[in-house]
Amino acid sequence: MVRFIQLVIGPAGVGKSSYCKVMQEHADASHRSIFVGNLDPAAEYFEYRASFDVRDLVKADDVMEEHGLGPNGALIYCMEHLIRNLEWLYDQLDAFGEDDYLILDCPGQVELYSHLPVMKRLVNALQMSGYRVASVYLLDALFVLEPAKFISGCMLSLSCMLQLELPHVNVITKCDMADKAAIERILDAEGAWMINSMDHVSNPKLRSLTHAIGGVIDDYMLVSFTMMDINDEDSINDVLGKIDYVLQYGEELEPKEPKEEEYDEDEYNLPGQRGQGDDGDNDGTERYAWDD
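Here the working numbering is used: the first residue of the sequence shown is 3, the next is one more, and so on.
Keep in mind that the hints were calculated from the coordinates and are not lab data.
Please note: incorrect hints may appear among the correct ones.
Stated by the list, open to error - FRET-style restraints, in silico, Cβ to Cβ:
#1 Glu167 / Leu88: 15 to 21 Å
#2 Ala214 / Tyr247: 28 to 34 Å
#3 Val248 / Ala150: 26 to 32 Å
#4 Gly132 / Ser210: 44 to 50 Å
#5 His33 / Lys122: 34 to 40 Å
#6 Pro73 / Asn233: 28 to 34 Å
#7 Ala183 / Arg209: 26 to 32 Å
#8 Tyr92 / Ser210: 48 to 54 Å
#9 Leu144 / Ser226: 17 to 23 Å
#10 Asp30 / Gly132: 25 to 31 Å
#11 His33 / Tyr247: 16 to 22 Å
#12 Asp240 / Ile85: 31 to 37 Å
#13 Glu89 / Met157: 32 to 38 Å
For each residue, glycine too, the CB sits at the ideal point set by N, CA and C.
Construct all of the structure, not just a fragment, from the sequences and the given hints.
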């Protein structure tokens, strides 16, 4: 059994639910099946077709009311509750067949992925059950246009990648709302250039640290991003193709047999053609108009 899962992660407000909706609609238009499950106990509204919803198990609002926790504490409690009740999740996943493709819409609390063990335990449980998982980290395009926020996003992405230990794809969302040319210039720039652009506004005491961070980005090149414009089908297809590649999706799929179409034999007879079973004289041979 091999099933494929995208774990969609990233800070709150970067468009994780919108990403899931766009991918599902793109798959529908491409005659491909992609299922989506909601793992965000604090979700209020989403537009995609959810195959299952973790709020059927636990809701952040109920936890806040019952235990007197804030939003962050309630989310952590809910995800730990999910880990304690993995049988519920397995029951939901058992509804899918072999080689099915699933996207999981995850909470927007980055601590769950960067240093808390809860999501790592979820990933381990999925992998031990035979699922092939990749993490898809989303970052808002408006963050990219500000060097300080972009470097912060790069480091957070790197932290999530190291913590989850999964094939990892970084995607810049909301590119339809930003200057694409400016984003491309920043993505092509080196970390040192971004650090230098911050020197005139950064605290002089922190310059050594920020230059060292820029060196990490340049020297190791562990973080790269792909732009996604929801109004550009080629852009969506490019992002999906890269994720399929790291998941090795499609490498073990059997080619589908073409369907045999039923047709009316008389529809394909030539003018004047008479075959067996026609009315009139039939000596067992076919007669054509040009035989007369």
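Handout entry: Whether the CB-CB distance between Tyr92 and Ser210 falls inside 48 to 54 Å
Key = holds (49 Å)
Handout entry: Verdict for Leu144, Ser226 (Cβ pair) under range 17 to 23 Å
Key = holds (19 Å)
Handout entry: Range hint compliance [Cβ, Ala214 to Tyr247, 28 to 34 Å]
Key = Since Ala214 and Tyr247 have Cβ atoms about 32 Å apart, the given range 28 to 34 Å holds.
Exercise for the section: Take the C-beta atom of Gly132 and the C-beta atom of Ser210, compute their distance, and say whether it sits inside 44 to 50 Å. Expected result: At roughly 47 Å between Cβ atoms, Ser210 and Gly132 fall inside 44 to 50 Å, so the hint holds.
Practice task
For Glu167 and Leu88, compare the CB-CB distance with the range 15 to 21 Å and indicate the outcome.
Solution key: holds (19 Å)
Practice task
State, for the Cβ atoms of Asp30 and Gly132, whether the hinted interval 25 to 31 Å holds or is violated.
Solution key: holds (27 Å)
Practice task
Can you let me know if the beta-carbon spacing of His33 and Tyr247 is within 16 to 22 Å?
Solution key: At 20 Å between Cβs, range holds.
Exercise for the section: With 28 to 34 Å as the target window, see if Pro73 and Asn233 comply at their CB atoms. Expected result: Because 32 Å falls inside the window, the suggested range holds.
Practice task
Check the following: the C-beta atoms of Asp240 and Ile85 are separated by a distance inside 31 to 37 Å.
Solution key: With a Cβ separation near 34 Å, Asp240 and Ile85 satisfy 31 to 37 Å, so the hint holds.
Handout entry: Range hint compliance [Cβ, Val248 to Ala150, 26 to 32 Å]
Key = Because 29 Å falls inside the window, the suggested range holds.
Exercise for the section: Could you say whether the range 32 to 38 Å given as a hint is met by the Cβ separation of Glu89 and Met157? Expected result: Holds - the Cβ-Cβ distance for Glu89 and Met157, about 36 Å, lies within 32 to 38 Å.
Problem - Cβ separation of His33 and Lys122, checked against the hinted range 34 to 40 Å - result: holds (35 Å)
The structure shown violates none of the earlier numbered hints.
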